[in-house]
Each structure stands twice: as C-alpha cells, then as structure tokens.
Amino acid sequence: MSEKNIKLTLNIWRQESPEAKGHFEKFEKEISPDASILEVLDEINNHLEAEGKEPIAFESDCREGICGTCGFVINGQPHGPLPKTATCQLHMRNFKDGDSLYIEPFRATAFKILKDLIVDRSGFDKIQVAGGFISFNTGSAPDGNAISIAKEIADEALDAAECIGCGACVAACKNSSAMLFVGAKVSQFAILPQGQPERYERVQAMVKVMDENLFGSCTNTYACEAECPKGISVLNIARMNRDYFMAKLKTGTNE
Amino acid sequence: MNRLNQFFNSSIGKKLVMAITGIFLILFLIFHLINNLMLFGGPEFFNENVARLESIKPLIRVMEIILALVFIYHTYTGLKLWWKNKKANPEKYAVNANKENSTVYSRTMTITGSLIFIFLVIHLYTIWVKYNFGMEGSEDYFEVIKIHFANPIWAAFYFIIMIFIGFHINHAFQSAFQSFGWSSKKYTPIVKKIGTVIAIILAVGFASIPVYFFYISFGGQG
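Top line first, the protein sequences correspond to chains X and E.
Each residue of the first sequence is one higher than the one before, counting from 0 in numbering that gives the first Met the number 0.
Each residue of the second sequence is one higher than the one before, counting from 0 in numbering that gives the first Met the number 0.
Check each hint, because a few of them may be wrong.
Simulated restraints on C-beta separations [as the list claims (entries may be wrong)]:
#, chain 1, residue 1, chain 2, residue 2, range
1, E, LEU66, X, GLY97, 53 to 61 Å
2, X, ILE133, E, LYS91, 46 to 54 Å
3, X, GLY97, E, LYS91, 42 to 50 Å
4, E, VAL196, X, THR84, 30 to 38 Å
Derived lysine-lysine pairs resembling PhoX-like cross-links, with alpha carbons at most 25 Å apart [as the list claims (entries may be wrong)]:
#, chain 1, residue 1, chain 2, residue 2
5, X, LYS83, E, LYS83
6, X, LYS95, E, LYS191
7, E, LYS145, X, LYS173
8, X, LYS125, E, LYS83
9, E, LYS79, X, LYS207
10, X, LYS207, X, LYS125
From the structure, some residues in chain X lie toward chain E, with a derived Cβ separation under 7 Å [what the hints assert, rightly or not]:
#, residue
11, ILE65
12, ASN74
13, GLN76
14, ARG106
15, ALA107
16, THR108
17, LEU213
18, ALA237
19, LYS247
20, LEU248
21, THR250
No lab work stands behind these hints: they were computed from the structure.
By construction, the Cβ of each residue, glycine as well, lies at the ideal position given by its N, Cα and C atoms.
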C-alpha cells in the first residue's frame, strides 16, 4: 500500500439522455492512491446510491485493460494522461494531492452520448460488420507452421490485431476520424495470407461504411497513435490508404 | 466516371488530392525561390533574367493556368475537409490537451492555409499584376520589388506569412507521404526531417527578400 490518501476534485460530466443538455458535477474526494479511477467512480456511486441519487453511468468490463469497454476522457486525454494505458488501468497515484480532474465522455458526432460517460460506439460495429472478418471457412485449427509466415509479418499483423476497438483514436482526433481503428482492422488481414482473397473488397467496404457513419477525415496529426491504449501505429493508416488506392485500380467494383 | 467520383468523394481520396496537389505546389515554390534568389544578383542580373523569360511566355502562361487550377483545387478540397471534420467533431473537451498528442503545425493547417490563400491573392494583385500589366514599357523589375519592400508594412506582412508557409510545409511534406501510403518505421523519420529542411529553406529563403530590401531601403549596403 502506498502512503496516505490524496484529495482530488473530480468534475464529472452528467447528462440525462442523448438529447438532454449535459454539465459537469463537482465531487471532492479523499482517495487511496492505489485505487483505479473506475474504483473511484464506484465509490462515488456507492455514496450517490446511499443518498438515493442517480449514480454516474459509465462502462467497464474486464478491468484489466484488454476488452476496450471502459474509456472516457480525463483532462482532455482519452484514457487519461498515461501512455498506452486503458482507463481501468489508470491509478490515482498518477495524480497529485489537490489535483483537479475533468472527466467527460468521448466526444464525436459519430459517438452519440447515451448517458453521462457512456457513448454509442456502434459505428465501429457497423464498420466491422462491413468487412472486418474472413468470410470463408478456414476449417479446424491448422497444424503449427503449416502456412509459413515470416516473423516480422506475423508481428506486424499481431500488433495491428491488438486494437481493442475502444474508440480513443476517434476521441483524440480533432477531426473525430476513425482511420486508426479501420487501418488496424484492415491491416491485420491485409498482410497475412488468409486475408488476401478479400483484401481489396474489405478495405473498400470498411472505408465506405466509415465515411457513411460521420467519422471525420484524417489529417495526419497522429493524436490517435499518441492516445491509443494499445499503441497502434499510424503506419496502419498508411497501409489502408495504399490498399484503398490499389483496390480502386485493381478491382472493377463500385463499392 | 462514377468510380472516379466515388474515389474522390471518399475520405481517403480527398487525402490523395491534398497530397498530390500539395507536392506540386511545393515543387512550384522551389522554382519560385530559385527565381527570387536572383534578386541578390543585383538589378541588372535580375532584370535581364526576368526579360529572358519573355521568350517562353506561352509556356509560362500554360503553367500559370495549371498552377492556379491546382492551387484552387487544393484550397477547395482543404476547406471541404475542414467543414466535414468540423461537423464530425463539434464539441471540445473542457481541458485542451492537444499539445500532449500532436504538433502545432498539424493542428493549424487550415489556419495557415487560409492565411497563405489570402496572402496569395494580395501577392498576385500587387506583384504579378504589376509585372504583367503595369510596367508601362519599363523593364526595371528589380525596382518594383525595392519600392514594395521599402514599405515596412509590406515587408513585415511578407515576412510573417513566410513563417506560416514554413509551418504549413513542415507538416505537409511528411503528411503527403503518409497519405500516399509511403510510410515505414525506417524511412518516415527521414522523410519528416527532409520535410522540415525543405520548410526551413523555403521559409528562410523567401523571408530573406523582404528583410534584405527593407534593410537596403535604410541605405544599407546592397
């Protein structure tokens, strides 16, 4: 256990419904530095419920940084100030006694605020449904090394596949662009042999749905990469751009 | 045509437009700077070289039209992207943490771009129109520049805009490579450095002219 508790001022976004006007609600809290930020919210909610008030709505699931469910903006940074850390893995020891925190939902036209800190990320699901998979039957698990893939290629594909679809890239982007997410989802298949047959249909279909769902356009500020809890590289965006051009050149589809 | 339309209306297609037209404009600026630096060769040298361009006037006119179209398309697509992105992200966070995750050059492209556009209109009106329609038989092109920059407001205005052109290109060069899909762990850091060097050379090169002429307007040694 770390030493004594710290005093923090938490300004937390409260919004009844998507249509309602939101505002920051202020909470003064004395907190153990070992608590995660989600645990702090749990504690605040316990008090609120004991007082018969509406608890703060926020999402979380695994609480070990691998599912991508949690996520809000802390002092202007998605998932808070620590690099490559999901919200649930952010502990209060990273803040100083007397700090003021502004906690608010991911903001983007494509991510409608449902309540308090919860946003509707179904835009990501729609993009995935459009092509983020391999549609033929791959059979049962193949023998190890039955398909030889160079170590560097496998590494790159797995790095792209690390994307947990949390939406921090969209939240960090000044244009609310989803290109880091789509770039990662396109790349994880584009460089593996299993992804080749549908490579060009996939990128066109996913980009089309991305554009339709009111995500902005990438202007290469790379804020997404800096805020990504999994450190997904913007090189995946470059690969997506390249594949998209190639798709338009190579295939005759109008997708 | 439908396919082409779809491509240029997609978010990635627009990036490609910005990148190709942008690289073209950088190439133009490099040629423009080479011409401008001839001012340092003195009035005779400069005037002779400008007069020599008379022999390739038709080619220059064609290039001017292409340039104008490219510049307008670059500006138009840029503004369209800006408008679309503004709609995609209407609300700001309570705390601005932009500087934690991106460069000031990348965040200010629309602002620096708009300033450059305004500058260009003024620049064409003051220098280009004068060179092409206002010389009244005189061939002293050097003198036009000298008089122009003797005015401290003009000198300061040009100087400041050149800094913004540097900012714009510093982000633009590496951004174009990313948009083309030509990025890699190995080469991207080098591309970024080359972009910065080009930005500095262009900004310092162009800015040196108002500074120099403003200086000699005080009787400094030319």
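To see whether the hints hold, each was checked on the structure:
1. E:LEU66 to X:GLY97: 53 to 61 Å: Between E:LEU66 and X:GLY97, where Cβ atoms are some 57 Å apart, the hint holds.
2. X:ILE133 to E:LYS91: 46 to 54 Å: Violated, since X:ILE133 and E:LYS91 (Cβ atoms, about 39 Å apart) do not stay within the stated range.
3. X:GLY97 to E:LYS91: 42 to 50 Å: This hint is violated: roughly 25 Å between Cβ atoms.
4. E:VAL196 to X:THR84: 30 to 38 Å: 35 Å, holds
5. X:LYS83 to E:LYS83: 29 Å, violated
6. X:LYS95 to E:LYS191: Not satisfied, since the Cα-Cα distance of roughly 36 Å exceeds 25 Å.
7. E:LYS145 to X:LYS173: 43 Å, violated
8. X:LYS125 to E:LYS83: With a Cα-Cα distance of about 20 Å, the restraint between X:LYS125 and E:LYS83 holds, given a limit of 25 Å.
9. E:LYS79 to X:LYS207: 18 Å, holds
10. X:LYS207 to X:LYS125: Within the cut-off at roughly 11 Å; holds.
11. ILE65: Where the cut-off is 7 Å and the nearest Cβ of chain E is about 22 Å from X:ILE65, the hint is violated.
12. ASN74: 4 Å, holds
13. GLN76: 5 Å, holds
14. ARG106: 5 Å, holds
15. ALA107: Because about 6 Å separates X:ALA107 from the closest Cβ in chain E, which is inside the 7 Å limit, the hint holds.
16. THR108: Status holds, d = 5 Å.
17. LEU213: This interface hint holds because 6 Å falls under the 7 Å limit.
18. ALA237: 4 Å, holds
19. LYS247: 5 Å, holds
20. LEU248: 10 Å, violated
21. THR250: 10 Å, violated
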